[in-house]
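Undergrad: Chains as they are written, first to last, in my numbering: chain S, 1 to 142; chain E, 1 to 142.
Hints are computed from structural coordinates only; laboratory data are not their basis.
Any given hint might turn out to be false.
Copies of the same chain are indistinguishable here, so a pair counts whether it falls within one copy or spans any two.
[What the hints assert, rightly or not] Derived pair list, reagent style SDA-like, types lysine to any residue, alpha-carbon separation capped at 20 Å:
1. 38 x 64
2. 78 x 39
3. 53 x 76
4. 53 x 126
2 protein chains.
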Amino acid sequence: MKFKPVLTLLLLNTCFAAFSQDRPAHKEHQHRIASTEKGLVKIAVMYPYAEGKTFNMEYYETKHMPMVAGFLGPNLVKYTIEKGVASGIPNQPLPYMAIGTFYVKSLSEYQAAIAPNREAIRADFANYTNTAPVILVSEVVR
Amino acid sequence: MKFKPVLTLLLLNTCFAAFSQDRPAHKEHQHRIASTEKGLVKIAVMYPYAEGKTFNMEYYETKHMPMVAGFLGPNLVKYTIEKGVASGIPNQPLPYMAIGTFYVKSLSEYQAAIAPNREAIRADFANYTNTAPVILVSEVVR
Chain S
1 MKFKPVLTLL LLNTCFAAFS QDRPAHKEHQ HRIASTEKGL VKIAVMYPYA EGKTFNMEYY
61 ETKHMPMVAG FLGPNLVKYT IEKGVASGIP NQPLPYMAIG TFYVKSLSEY QAAIAPNREA
121 IRADFANYTN TAPVILVSEV VR
Chain E
1 MKFKPVLTLL LLNTCFAAFS QDRPAHKEHQ HRIASTEKGL VKIAVMYPYA EGKTFNMEYY
61 ETKHMPMVAG FLGPNLVKYT IEKGVASGIP NQPLPYMAIG TFYVKSLSEY QAAIAPNREA
121 IRADFANYTN TAPVILVSEV VR
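Looking at chain S on its own, in the form it has when it is part of the complex (with noise of 0.2 Å):
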């Protein structure tokens, strides 16, 4: 019977353990969504809006994207994809139809991940748009 106190102890413990091992933990979680982007770099490919160009969001979401994420690797936090609507002025034109953009932690890593897929990548380009686009390099600062 000696051993029940130790065990209700030693359960004890491991419920403390399990509760503040929980706060920590959940701390470092909510850090990581505040500065997820902070400091990252930024490539974002915008597809320009002009009378008789086309794009075709539903092959640049589930064939393009996927395609150049994959080329990535572990370099690519995250990337993202936004559907033109209107110019913020009014009586302006849309100024893009489309923007792609790729998040990633070192700029030369992307570059030397897409350097041997350029053409692969371009060659893409005709299944979903007829524009060419400006591609910005960024650096997150909030």
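Starting from the known structure of chain S, fit chain E onto it as the hints suggest.
TA: Just chain E now, kept in the frame of chain S:
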């Protein structure tokens, strides 16, 4: 002495409850990360680069963007700031010096919040830039 096994069981239960509650919470959290932006409206204010054009990132980050964000209330999910570094296409000029983005739930609410403050926002432009922005309204697809 009879209550000891009961207490032990109770403690075990508490432990299992602690561990099992941790899992769904974590899943929900991950889900929230994955779908934070999808379906939101994104208003991107893009400042084109050209010779002689200037941009004061410090003022933009500490004064202008917090001011505009303050007008938007709970409709604003998050805002981001990025600093243009280069064109992603060799031998092309930098497309934009900076981009500030508001992710909102409702475009009409955004417009209603900005309308009465438009002059204050425009008057502040001169404090950090001499370039006129391009504004893209888009829908976050992914």
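Undergrad: So which of those numbered hints doesn't the model satisfy?
TA: 3
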